[in-house]
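Residue numbers (our numbering): 27 to 800.
Note that these hints are calculated values from the structure, not bench results.
Honestly, I wouldn't trust all of these hints.
To be verified - Computed Cβ-Cβ distance ranges for the label pairs, DEER-style:
| no. | residue 1 | residue 2 | range |
| --- | --- | --- | --- |
| 1 | R288 | P443 | 37 to 43 Å |
| 2 | F290 | K757 | 29 to 35 Å |
| 3 | P443 | L353 | 39 to 45 Å |
| 4 | S534 | F290 | 19 to 25 Å |
| 5 | K744 | L340 | 42 to 48 Å |
Unchecked claim - Here are the computed lysine to any residue pairs in the SDA-like style, where the Cα-Cα straight-line distance is at most 20 Å:
| no. | residue 1 | residue 2 |
| --- | --- | --- |
| 6 | K289 | Q80 |
| 7 | K744 | P262 |
| 8 | K651 | Y610 |
| 9 | K68 | P262 |
| 10 | K757 | N786 |
| 11 | K639 | L623 |
| 12 | K757 | I778 |
| 13 | K68 | E146 |
| 14 | K289 | Q356 |
| 15 | K757 | N698 |
| 16 | K333 | R546 |
| 17 | K651 | N698 |
| 18 | K289 | Q65 |
| 19 | K535 | R501 |
| 20 | K68 | E103 |
| 21 | K639 | L598 |
| 22 | K68 | E110 |
| 23 | K289 | R501 |
| 24 | K428 | K535 |
We put the beta carbon where it would ideally sit given N, CA and C, even for glycine.
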Amino acid sequence: MKLRATMIFMIALASIVYAQSKTGTVRGVVTDNAGAIVQGAKVHLANRLTSYSQTTVTDEQGFYRLVDVPFGDYTLEVEAASFEPFTRDVTIRSNLAQQIDLQLGVAVVRQEVNITAASELLEPEKTGPATVLDRNQILRFPTSQPSRSAESIIGTVPGWTIDAGGRLHARGLEAQTQYSIDGIPITDTIADTFAGAPDPRNFRSVEITTANIPAEYGNRLGGVIAVTSRSGLEIPDSGSVTLSGGSFSAFETSFDVGGHSRKFGYFVSGAGSTTDRFLDPPTLENFHNDGRAAKGFFKFDYTPSEKNLFRFNLFAGYQRFDVPNLLDQQLRGQDQSRSARDDLQSLSWEHIFSQNLVSYLAVYRRYTQARLSSNTVAVPVFAEAVRHHSNYGLLGSLTFHKGRHTIKTGFELVRFPVTESFTFAITDLEDLLEVEPALPVAAQSFTIAQPFFFNQHRAGQQGSAYIQDHINATRDLTFDLGVRFDSYHFLVEKNYASPRLGMAYRVSKTQTVLRASYNRFLQTPALENLLLSSSEEARIFSPAGSEGDEVKGSPVRPSREWQVDVGFQQQLARMLRLDADFYYRRMRNPFEFTDFLETGIVFPATLDSSRSKGVEARLDLAPAKGLSGFVSYTNLRIYGFAPLTGGLFLGEAIELREMAGQRISIEEDQRNTVVFQLFYDRLPGRVWMAFGGRHDSGYSIELDEDSKENFERLFSAKILDRVNFERGFIKPHTVLDFSIGRDFTVNDHISISSQFNAQNFADRFYLITFESLS
Numbered sequence: 027m028k029l030r031a032t033m034i035f036m037i038a039l040a041s042i043v044y045a046q047s048k049t050g051t052v053r054g055v056v057t058d059n060a061g062a063i064v065q066g067a068k069v070h071l072a073n074r075l076t077s078y079s080q081t082t083v084t085d086e087q088g089f090y091r092l093v094d095v096p097f098g099d100y101t102l103e104v105e106a107a108s109f110e111p112f113t114r115d116v117t118i119r120s121n122l123a124q125q126i127d128l129q130l131g132v133a134v135v136r137q138e139v140n141i142t143a144a145s146e147l148l149e150p151e152k153t154g155p156a157t158v159l160d161r162n163q164i165l166r167f168p169t170s171q172p173s174r175s176a177e178s179i180i181g182t183v184p185g186w187t188i189d190a191g192g193r194l195h196a197r198g199l200e201a202q203t204q205y206s207i208d209g210i211p212i213t214d215t216i217a218d219t220f221a222g223a224p225d226p227r228n229f230r231s232v233e234i235t236t237a238n239i240p241a242e243y244g245n246r247l248g249g250v251i252a253v254t255s256r257s258g259l260e261i262p263d264s265g266s267v268t269l270s271g272g273s274f275s276a277f278e279t280s281f282d283v284g285g286h287s288r289k290f291g292y293f294v295s296g297a298g299s300t301t302d303r304f305l306d307p308p309t310l311e312n313f314h315n316d317g318r319a320a321k322g323f324f325k326f327d328y329t330p331s332e333k334n335l336f337r338f339n340l341f342a343g344y345q346r347f348d349v350p351n352l353l354d355q356q357l358r359g360q361d362q363s364r365s366a367r368d369d370l371q372s373l374s375w376e377h378i379f380s381q382n383l384v385s386y387l388a389v390y391r392r393y394t395q396a397r398l399s400s401n402t403v404a405v406p407v408f409a410e411a412v413r414h415h416s417n418y419g420l421l422g423s424l425t426f427h428k429g430r431h432t433i434k435t436g437f438e439l440v441r442f443p444v445t446e447s448f449t450f451a452i453t454d455l456e457d458l459l460e461v462e463p464a465l466p467v468a469a470q471s472f473t474i475a476q477p478f479f480f481n482q483h484r485a486g487q488q489g490s491a492y493i494q495d496h497i498n499a500t501r502d503l504t505f506d507l508g509v510r511f512d513s514y515h516f517l518v519e520k521n522y523a524s525p526r527l528g529m530a531y532r533v534s535k536t537q538t539v540l541r542a543s544y545n546r547f548l549q550t551p552a553l554e555n556l557l558l559s560s561s562e563e564a565r566i567f568s569p570a571g572s573e574g575d576e577v578k579g580s581p582v583r584p585s586r587e588w589q590v591d592v593g594f595q596q597q598l599a600r601m602l603r604l605d606a607d608f609y610y611r612r613m614r615n616p617f618e619f620t621d622f623l624e625t626g627i628v629f630p631a632t633l634d635s636s637r638s639k640g641v642e643a644r645l646d647l648a649p650a651k652g653l654s655g656f657v658s659y660t661n662l663r664i665y666g667f668a669p670l671t672g673g674l675f676l677g678e679a680i681e682l683r684e685m686a687g688q689r690i691s692i693e694e695d696q697r698n699t700v701v702f703q704l705f706y707d708r709l710p711g712r713v714w715m716a717f718g719g720r721h722d723s724g725y726s727i728e729l730d731e732d733s734k735e736n737f738e739r740l741f742s743a744k745i746l747d748r749v750n751f752e753r754g755f756i757k758p759h760t761v762l763d764f765s766i767g768r769d770f771t772v773n774d775h776i777s778i779s780s781q782f783n784a785q786n787f788a789d790r791f792y793l794i795t796f797e798s799l800s
C-alpha cells in the first residue's frame, strides 16, 4: 500500500507521463509574397559542425515537416524555382514543435535573415558538454562488422573508455550507462557478454552526455546515450544491402528498406554476422572463440493529422558465442558457450496542442535473457546459468513554453520481474585453490554429482517523477533547473530526491561559452545476477558468511552520487571549436562487478565509497574544403574506499572488510585516452579517405610482482610483458586505422558504396585488460 500511495502521489504531481526524447520538430507553410502556397519547395535543415542534415519538400498545401531533429543549432534553407532562396537560423532545445512559416521572394524577408551565425559553431544554450554524432560519421566508421560497432563509435567521445568484450565505462564507472532509444530507456548492461548493443546504422543521430544530465533521466547515469533512430517519414522509398568481411573469418550481411506516404512511414532493417574471434581472448592462440549474432529493427509511424504522431518500435537481437579457453582448458576439452537474446517493443503517441504545448505518452516492454552452458570436463569448475528479466514501463511528458521558460514535467512507472538459476561444481579443487585461497571448506564439496544449485524469482517496481525548466534569462545567460524524485522497491527500498542545476553564459566578444553544473543522482543496481549476489544461499562461498558478522547477507543497494562540472566552449577562428570540462564526483555505495570464482559469471557488489575527477576535451574541425575531423582527450583519476558494503564477498574481497577507509584501486582507472580522426571527401570520383587512431594509457590492475609468478603458468611471457606490475597498470598502447571508400550513383533510386578498412594497420600487440588482448 505504501508503494501504491507513493505512485498515486507522483501521478498527481505530473499531469502526464514521462519521456526522454531529445528531438524536436520543425514545421510550417511556404508561401509567396502574395500569400499563395508554394508546392515542391525544397526545405533543408543542417548543422554545420556535426554534418547532420534533413531535407523535405512542401506538399500540395505548401506544408513541410522535419521530424526527430536532435537538439542543437541549425541553418534552415528553402529553395524553389522562380523564387529567391531563403535562409534563417533555428535552435532546437525541446520537443516543442517549432512553427516556421516562410515567404519567398519578398525583399523585407531577406533583409530580416540573420546569417552571421552560420559561421558560429558555439552552442550558447547548452549547460553541459554533450557530443552529437550524425549518421554520416557512423556509416564511415572503420569496422568489419558494422552491426557490432556501437561501443567503439561511442568510445570516441571524451570521458568514455572501452573494456574487453566491448563494455563501455563513462568517467571510470563500472556499468552505469543508459541507452535511450526514441525516448525509451534501456538500463541493461550492454556489452557482448551481456546483451548486444543495437545496430548503430539504425541511428539517425546520437547525443552522448556525461555531465549535467537532465532530471528526466534516472537509474543509470554514468553516461546517457540518447539515440534517435531512422524513420521512414524522412526517407524516400529506398533500400540498401551491405556485405562486409575481415580478418578472423569475420563476415556480415545486412539490409534496410524504408519510405513513406502522406500519413505513413516505415523502416525495416536486419543484420547477421559471424566470426571466429567474437571476444578478446586471454591467450595468443585464440582458442574456442567463434560467435554469431543477428539483429533486427522495425519502426512504423502514423500521422493521422498535423498534430498527432503514433509510433511503434520493435528491436530484437540474438547472439551465441563460445567462451574462450586457456591452454589447459583447451587441452582438456572444455566447451563453454553463451547465448543472449533481447527485444524491445514500444508504442508512443505525441500530440501537439499548440506551438507552446506538447504531450507524449508511451508504453514499452524490454526483455533480456542470457544463458551459460558447459560440458562436464570444464576446469577448474563446471558452471551453468540462466537469467532473464523484463521491464514493463509506462512513461511520457508534458512540455510547455511560457515567456523565457520551457518547462517539462512527467513521471515513469516500471515493474521488473527477475529470474535467475545457477549450477556450480568443482572439477579441479587444487587448481581452484591456487586462484581462490579463501574458498571455505564447506564450499569445497560441490561435485558434478552433487552440485550447488540456486534458483530464485522476484519482482521489483519503481516510480519516478520530475520537473525541469530551461530558462533563457537573457540573450547570453541560460539556466537548466530541475529536480527528480525516485521511489525504488526491490531487494531494498529507497526514496531519493535529485536536484539537477546548470548554467551557461556566452561571452560574445571572445566567442566563449562558460558552463557550470551541480547534479545529485540515485543509481539503481544492475539487475544482471543481482539475486545471486544478494542471496543468503551463495554466502557459503564467502568466508564472510561463516564469521557471523554484520556484513553477512548484505544486499546490493542503490548508490548515491554528487557531481560538480565546470567547463567552457571556445570557437577558434571559423572552423575550429574546443570543448573542455573538469569534473569532481563522489559516490556512496558505488557498483563494481566481481567474478564468481572461475565460472565467468559476474555479479554486482558495492564499495563503501569512491571519488573521481578528470578533464575532458574535444577539438572539432568543421567541414571545410572536404576536410573535417576531431581530437578527443580524457584524463581520469578514480579510486575507491573499503570496505565492501553489499553483494557477495569472495576471495581477496574479504580482505577489504579489514581495511575500512583505506583507498583501493579501481580497474577502470585509465589515466589518459586520446582518440582522433581526419576525414577527406573531395577526391576525384567521389572517393573519400579517413585516418584515425586511439591511444589508451592502460587500465589499473590489482597485481604485483608476487602475483606475476602465480600467473606465469597460465599466460605467456608476451602477455605478461604488457603488464607493468610495479605501477599496477596495463602498459600503454596506440592503434592506428585507415579507411578509403567510394560512392557510386547508378540512378535516382540506386546507389552503391564500397569501403576498405585497415584496423590496427601497424599490427601492434596490446592488452585491453589483464585477461584480454588484441
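Structure-based check of each hint:
{"no.": "1", "hint": "R288 with P443: 37 to 43 Å", "result": "holds (42 Å)"}
{"no.": "2", "hint": "F290 with K757: 29 to 35 Å", "result": "violated (56 Å)"}
{"no.": "3", "hint": "P443 with L353: 39 to 45 Å", "result": "holds (41 Å)"}
{"no.": "4", "hint": "S534 with F290: 19 to 25 Å", "result": "violated (45 Å)"}
{"no.": "5", "hint": "K744 with L340: 42 to 48 Å", "result": "holds (46 Å)"}
{"no.": "6", "hint": "K289 with Q80", "result": "holds (18 Å)"}
{"no.": "7", "hint": "K744 with P262", "result": "violated (53 Å)"}
{"no.": "8", "hint": "K651 with Y610", "result": "violated (40 Å)"}
{"no.": "9", "hint": "K68 with P262", "result": "holds (14 Å)"}
{"no.": "10", "hint": "K757 with N786", "result": "holds (17 Å)"}
{"no.": "11", "hint": "K639 with L623", "result": "violated (32 Å)"}
{"no.": "12", "hint": "K757 with I778", "result": "violated (42 Å)"}
{"no.": "13", "hint": "K68 with E146", "result": "violated (24 Å)"}
{"no.": "14", "hint": "K289 with Q356", "result": "violated (58 Å)"}
{"no.": "15", "hint": "K757 with N698", "result": "holds (12 Å)"}
{"no.": "16", "hint": "K333 with R546", "result": "violated (36 Å)"}
{"no.": "17", "hint": "K651 with N698", "result": "violated (32 Å)"}
{"no.": "18", "hint": "K289 with Q65", "result": "holds (18 Å)"}
{"no.": "19", "hint": "K535 with R501", "result": "holds (13 Å)"}
{"no.": "20", "hint": "K68 with E103", "result": "holds (8 Å)"}
{"no.": "21", "hint": "K639 with L598", "result": "violated (27 Å)"}
{"no.": "22", "hint": "K68 with E110", "result": "holds (12 Å)"}
{"no.": "23", "hint": "K289 with R501", "result": "violated (39 Å)"}
{"no.": "24", "hint": "K428 with K535", "result": "violated (29 Å)"}
The structure is inconsistent with the numbered hints 2, 4, 7, 8, 11, 12, 13, 14, 16, 17, 21, 23, 24, although it conforms to all the rest.
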